[in-house]
Structures are given as C-alpha cells and as structure tokens.
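Chemist: For reference, the chains in residue letters:
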Amino acid sequence: MTVKTESIKLSTRGNTDIIDITDALSLLVSESGINNGIVTVFSPSATSAITTIEYETGCVSDFKRLFDEIVPQNRDYSHNLKWGDGNGHSHVRAALLKASFSVPFVERRLTLGTWQHIIFLDFDNRPRQRELVVQIMGE
Amino acid sequence: MTVKTESIKLSTRGNTDIIDITDALSLLVSESGINNGIVTVFSPSATSAITTIEYETGCVSDFKRLFDEIVPQNRDYSHNLKWGDGNGHSHVRAALLKASFSVPFVERRLTLGTWQHIIFLDFDNRPRQRELVVQIMGE
Amino acid sequence: MTVKTESIKLSTRGNTDIIDITDALSLLVSESGINNGIVTVFSPSATSAITTIEYETGCVSDFKRLFDEIVPQNRDYSHNLKWGDGNGHSHVRAALLKASFSVPFVERRLTLGTWQHIIFLDFDNRPRQRELVVQIMGE
Numbered sequence: 113m114t115v116k117t118e119s120i121k122l123s124t125r126g127n128t129d130i131i132d133i134t135d136a137l138s139l140l141v142s143e144s145g146i147n148n149g150i151v152t153v154f155s156p157s158a159t160s161a162i163t164t165i166e167y168e169t170g171c172v173s174d175f176k177r178l179f180d181e182i183v184p185q186n187r188d189y190s191h192n193l194k195w196g197d198g199n200g201h202s203h204v205r206a207a208l209l210k211a212s213f214s215v216p217f218v219e220r221r222l223t224l225g226t227w228q229h230i231i232f233l234d235f236d237n238r239p240r241q242r243e244l245v246v247q248i249m250g251e
Numbered sequence: 113m114t115v116k117t118e119s120i121k122l123s124t125r126g127n128t129d130i131i132d133i134t135d136a137l138s139l140l141v142s143e144s145g146i147n148n149g150i151v152t153v154f155s156p157s158a159t160s161a162i163t164t165i166e167y168e169t170g171c172v173s174d175f176k177r178l179f180d181e182i183v184p185q186n187r188d189y190s191h192n193l194k195w196g197d198g199n200g201h202s203h204v205r206a207a208l209l210k211a212s213f214s215v216p217f218v219e220r221r222l223t224l225g226t227w228q229h230i231i232f233l234d235f236d237n238r239p240r241q242r243e244l245v246v247q248i249m250g251e
Numbered sequence: 113m114t115v116k117t118e119s120i121k122l123s124t125r126g127n128t129d130i131i132d133i134t135d136a137l138s139l140l141v142s143e144s145g146i147n148n149g150i151v152t153v154f155s156p157s158a159t160s161a162i163t164t165i166e167y168e169t170g171c172v173s174d175f176k177r178l179f180d181e182i183v184p185q186n187r188d189y190s191h192n193l194k195w196g197d198g199n200g201h202s203h204v205r206a207a208l209l210k211a212s213f214s215v216p217f218v219e220r221r222l223t224l225g226t227w228q229h230i231i232f233l234d235f236d237n238r239p240r241q242r243e244l245v246v247q248i249m250g251e
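Residue numbers (our numbering), protein chains in the order written: chain A, 113 to 251; chain B, 113 to 251; chain C, 113 to 251.
Because the hints were derived from the structure by calculation, they are not lab data. Any given hint might turn out to be false.
[Claimed, not checked] Below, a list of computed lysine to aspartate or glutamate pairs in the EDC-like style, where the Cα atoms sit at most 20 Å apart:
{"no.": "1", "chain 1": "A", "residue 1": "Lys-176", "chain 2": "B", "residue 2": "Glu-181"}
{"no.": "2", "chain 1": "C", "residue 1": "Lys-116", "chain 2": "B", "residue 2": "Asp-188"}
{"no.": "3", "chain 1": "C", "residue 1": "Lys-116", "chain 2": "A", "residue 2": "Asp-188"}
{"no.": "4", "chain 1": "C", "residue 1": "Lys-176", "chain 2": "A", "residue 2": "Asp-188"}
{"no.": "5", "chain 1": "C", "residue 1": "Lys-176", "chain 2": "A", "residue 2": "Asp-180"}
{"no.": "6", "chain 1": "A", "residue 1": "Lys-176", "chain 2": "B", "residue 2": "Asp-180"}
{"no.": "7", "chain 1": "B", "residue 1": "Lys-194", "chain 2": "A", "residue 2": "Asp-188"}
{"no.": "8", "chain 1": "B", "residue 1": "Lys-176", "chain 2": "C", "residue 2": "Glu-168"}
{"no.": "9", "chain 1": "A", "residue 1": "Lys-116", "chain 2": "B", "residue 2": "Glu-251"}
{"no.": "10", "chain 1": "A", "residue 1": "Lys-194", "chain 2": "C", "residue 2": "Glu-168"}
{"no.": "11", "chain 1": "C", "residue 1": "Lys-176", "chain 2": "A", "residue 2": "Glu-181"}
{"no.": "12", "chain 1": "B", "residue 1": "Lys-176", "chain 2": "C", "residue 2": "Asp-188"}
{"no.": "13", "chain 1": "B", "residue 1": "Lys-116", "chain 2": "A", "residue 2": "Glu-118"}
{"no.": "14", "chain 1": "B", "residue 1": "Lys-176", "chain 2": "A", "residue 2": "Glu-181"}
{"no.": "15", "chain 1": "C", "residue 1": "Lys-194", "chain 2": "B", "residue 2": "Asp-188"}
{"no.": "16", "chain 1": "A", "residue 1": "Lys-176", "chain 2": "B", "residue 2": "Glu-251"}
{"no.": "17", "chain 1": "A", "residue 1": "Lys-176", "chain 2": "C", "residue 2": "Glu-181"}
{"no.": "18", "chain 1": "C", "residue 1": "Lys-116", "chain 2": "B", "residue 2": "Glu-168"}
{"no.": "19", "chain 1": "C", "residue 1": "Lys-176", "chain 2": "B", "residue 2": "Glu-251"}
{"no.": "20", "chain 1": "B", "residue 1": "Lys-116", "chain 2": "C", "residue 2": "Glu-251"}
{"no.": "21", "chain 1": "A", "residue 1": "Lys-116", "chain 2": "C", "residue 2": "Glu-219"}
{"no.": "22", "chain 1": "B", "residue 1": "Lys-176", "chain 2": "C", "residue 2": "Asp-180"}
{"no.": "23", "chain 1": "A", "residue 1": "Lys-116", "chain 2": "A", "residue 2": "Glu-243"}
{"no.": "24", "chain 1": "B", "residue 1": "Lys-116", "chain 2": "A", "residue 2": "Glu-251"}
[Unchecked claim] Restraint-style ranges between C-beta atoms, simulated for each label pair:
{"no.": "25", "chain 1": "B", "residue 1": "Asp-180", "chain 2": "A", "residue 2": "Trp-227", "range": "20 to 30 Å"}
{"no.": "26", "chain 1": "B", "residue 1": "Thr-114", "chain 2": "A", "residue 2": "Asp-188", "range": "23 to 33 Å"}
{"no.": "27", "chain 1": "C", "residue 1": "Asn-186", "chain 2": "B", "residue 2": "Trp-227", "range": "17 to 27 Å"}
{"no.": "28", "chain 1": "A", "residue 1": "Glu-219", "chain 2": "C", "residue 2": "Asp-188", "range": "47 to 57 Å"}
{"no.": "29", "chain 1": "B", "residue 1": "Thr-134", "chain 2": "C", "residue 2": "Glu-219", "range": "19 to 29 Å"}
{"no.": "30", "chain 1": "B", "residue 1": "Trp-227", "chain 2": "C", "residue 2": "Thr-226", "range": "31 to 41 Å"}
The C-beta atom is built at its ideal place from N, Cα and C for all residues, glycine as well.
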C-alpha cells in the first residue's frame, strides 16, 4: 500500500473557466506505480471546485448558466462590501460545488464512463495560476 | 492494507429516479474482509450522482423538486440544440451533485446516521442499466 | 499503511449554523502518527453537510443566503406534511451539499489553501449535539 502526492498546474482565465483535467490525471495515475486505489484531486483554493461532466461545449455552457442563475455575479455580497475584491459570487459557487473529488482506479486506469470527464472550475473573477493536489493511494 | 473493487448493478427508470443503495453497499463492505477504512462509490456516468438522504417518500420528492426548480427539464439547453438527445438538464444536475461519494466504515459497518441512506440518482431522461464502482480500501 | 478513526464533537445552534472545524481536524491529523494520506470527514446525519469556504462573516452569510433562496424554509415540504417536524428544508439542503468531504494531507499537514477553511453546516431547525467521523488513512 502506497501514497503518492502529485500536482497539476493550470493557468486559468477565471470567471468560471472550465478546464478538462482528465488526461493530466490519467497520466499521473498510470505512471504512479500504484495499480488499484483511489485518487483524490483537491484544489487548495476558496474560489474553485472539481466535478465531472460530458466535456462538450453545450454541457459546459449549460453548467455555467446554472451558476449565473443561482449565484449571480452582479448583486450585493457581504464579502464584497467588506473586502471590495468583487468575488463574493466566486466564494459561494466554490463552497457549493466543493474543492475535492475522489475517483477509483483499477489496473492503473480511472474508472470513468465513456463521456465523463473530470473538470476544474475556476470561479474567481480574474485569471489565476492554480496548483491542484493529486493524492494517489492504493496498492 | 487492502483494496477491493466491487460493483452494484441497477436498473433505473431514469427521470431523477432515486434508488436506495445502502443495503447493497453495507453487504459489500461487511463481506470485503476489510475491517476499517473508506468505501468510495462512483458512478461512471455523466447523467447520475450519489449522495445521502433520509429515504422516505417526503424527503425524496422534496429533493426531486429542487432539481426541477433550479435545473428545469423544459427549457433550452445548448447540449440539446447540438445533440438532440433531450437530456441537457440531466448533465447539469449530475455535474452539480457529483458522481462520487466516500463513507468511512468501522468494524465492517458503514458509519451512517440512523436515518441516513446512500442514494443513487439517475437524472437521464430514459431508463438505464447502471453499474456503480465500489472501491473498498482499508485494513 | 494505517487507518485511524477519530471524532469531532460539536454543539450547534442548528438553522444553518456554520462551524469552522479546521483546527480540530488539523490537530487530529498532526497527532495521528500518519504522515501522508487523506482524511475523510463524515457527518452521520441527514440534516448536515461539510465543505470548505473562506471563513469570514461576509462569505459565511452569503453562503447561508444561497440556501435560503434555493431551498427556503417557509414553504410546503412533503416531509413536513408527513412527519410534522418542520425540517424538510434541512434534509434537502444536506442532500445537496453532502455529508462527506476528503482532504489530502502531506507531512501531517492538511493541503488547504491560505484562506480555505473546512466547515460543518448544521441545517436542522434546532440546536443539536453532533459527532463527526474522522477517518485518517495513509502511511
């Protein structure tokens, strides 16, 4: 049984930029030397999140619209009134969708469905440099 | 320390069918030969998700209503305009609720609360055959 | 490779009380004797959830507002009509946000971002005594 900690570095455009991290993650798992287990992808950030989706432009824009509707950018936020950085909506979106995601892998391959891709969402209101934590655990 | 990969097969009616998988999961954990650890239930699909709820008809219908309200089926979706399969809402609901869920177990028993059941939600717009990945890890 | 099961006890005020559990969790991880791995925090309850946020009063009140808007307390719930306990909204909020959260740790430290805190949300409609399950796994 082994634990390996890797990372994925990303340059994002912010503003609910949605980035497919499936290939980067698959590569880390396949090269980890661990055959079976789970990989936990974690974003050490308060304005981003991780989930899965069918990564085609339709689904991606439909998913963005959800956040624009239930957590709109252009309204009052207590966070903005206090700190003036204008990313109150980013914090609420990230807390709702969560910064952590775990996927099983078997024989060094993620157990994803055919159309299922792992995505990183940067909800911040400006471009950011991000570094995700990838913890691979198994035997 | 050991990893075991099991599965749960389900026939669903789609359309936010909500299925209690607690008993199936408890059985897999109790028979795994692993005493303490975490079990990760993962749906290899882009139109389904996993969470917990008090599994009584009231809570289940209240939870369905939430998705009908914040991600309604009958409106335009970019996904539907491109692919014509009518399940744009299914993708958004699944990406929001997420396809992965991890539960600790102690002495071969899930650490669930009294009223807490693990549920699989099939958001697709038609009946589906599903096979969930159940990764049990511990010692 | 080792598994350790710990717990965090909390007295909450209910009504979407949001409690910072970062310090309690960091202490359990640092004293676990396990250097690298993941910690899974699980709430054995059907009316509470766990996520991360920048823990300042602005973000916290903005996040509460989201739940008041998309899952309001004062409306009909099938759960309430059946059981009369008035916490139908609590169940829906908890099922949406989920009772489980996993964080990697490296050299006995959680890999959290600078402003990122782990929070427990008690959505029930009355004060509660809670005991979270903390499963630490690694080597």
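Chemist: It remains to establish, for every hint, whether it holds in the given structure.
Modeler: Hints, verified against the model:
| no. | hint | verdict |
| --- | --- | --- |
| 1 | Lys-176(A) with Glu-181(B) | holds, 17 Å |
| 2 | Lys-116(C) with Asp-188(B) | violated, 49 Å |
| 3 | Lys-116(C) with Asp-188(A) | violated, 44 Å |
| 4 | Lys-176(C) with Asp-188(A) | holds, 14 Å |
| 5 | Lys-176(C) with Asp-180(A) | holds, 17 Å |
| 6 | Lys-176(A) with Asp-180(B) | holds, 17 Å |
| 7 | Lys-194(B) with Asp-188(A) | violated, 35 Å |
| 8 | Lys-176(B) with Glu-168(C) | violated, 32 Å |
| 9 | Lys-116(A) with Glu-251(B) | holds, 18 Å |
| 10 | Lys-194(A) with Glu-168(C) | holds, 10 Å |
| 11 | Lys-176(C) with Glu-181(A) | holds, 17 Å |
| 12 | Lys-176(B) with Asp-188(C) | holds, 14 Å |
| 13 | Lys-116(B) with Glu-118(A) | violated, 23 Å |
| 14 | Lys-176(B) with Glu-181(A) | holds, 19 Å |
| 15 | Lys-194(C) with Asp-188(B) | violated, 35 Å |
| 16 | Lys-176(A) with Glu-251(B) | violated, 41 Å |
| 17 | Lys-176(A) with Glu-181(C) | holds, 19 Å |
| 18 | Lys-116(C) with Glu-168(B) | violated, 33 Å |
| 19 | Lys-176(C) with Glu-251(B) | violated, 39 Å |
| 20 | Lys-116(B) with Glu-251(C) | holds, 18 Å |
| 21 | Lys-116(A) with Glu-219(C) | holds, 12 Å |
| 22 | Lys-176(B) with Asp-180(C) | holds, 17 Å |
| 23 | Lys-116(A) with Glu-243(A) | holds, 16 Å |
| 24 | Lys-116(B) with Glu-251(A) | holds, 10 Å |
| 25 | Asp-180(B) with Trp-227(A): 20 to 30 Å | holds, 24 Å |
| 26 | Thr-114(B) with Asp-188(A): 23 to 33 Å | violated, 52 Å |
| 27 | Asn-186(C) with Trp-227(B): 17 to 27 Å | holds, 23 Å |
| 28 | Glu-219(A) with Asp-188(C): 47 to 57 Å | holds, 50 Å |
| 29 | Thr-134(B) with Glu-219(C): 19 to 29 Å | violated, 36 Å |
| 30 | Trp-227(B) with Thr-226(C): 31 to 41 Å | holds, 37 Å |
When each numbered hint is compared with the structure, violations occur for hints 2, 3, 7, 8, 13, 15, 16, 18, 19, 26, 29.
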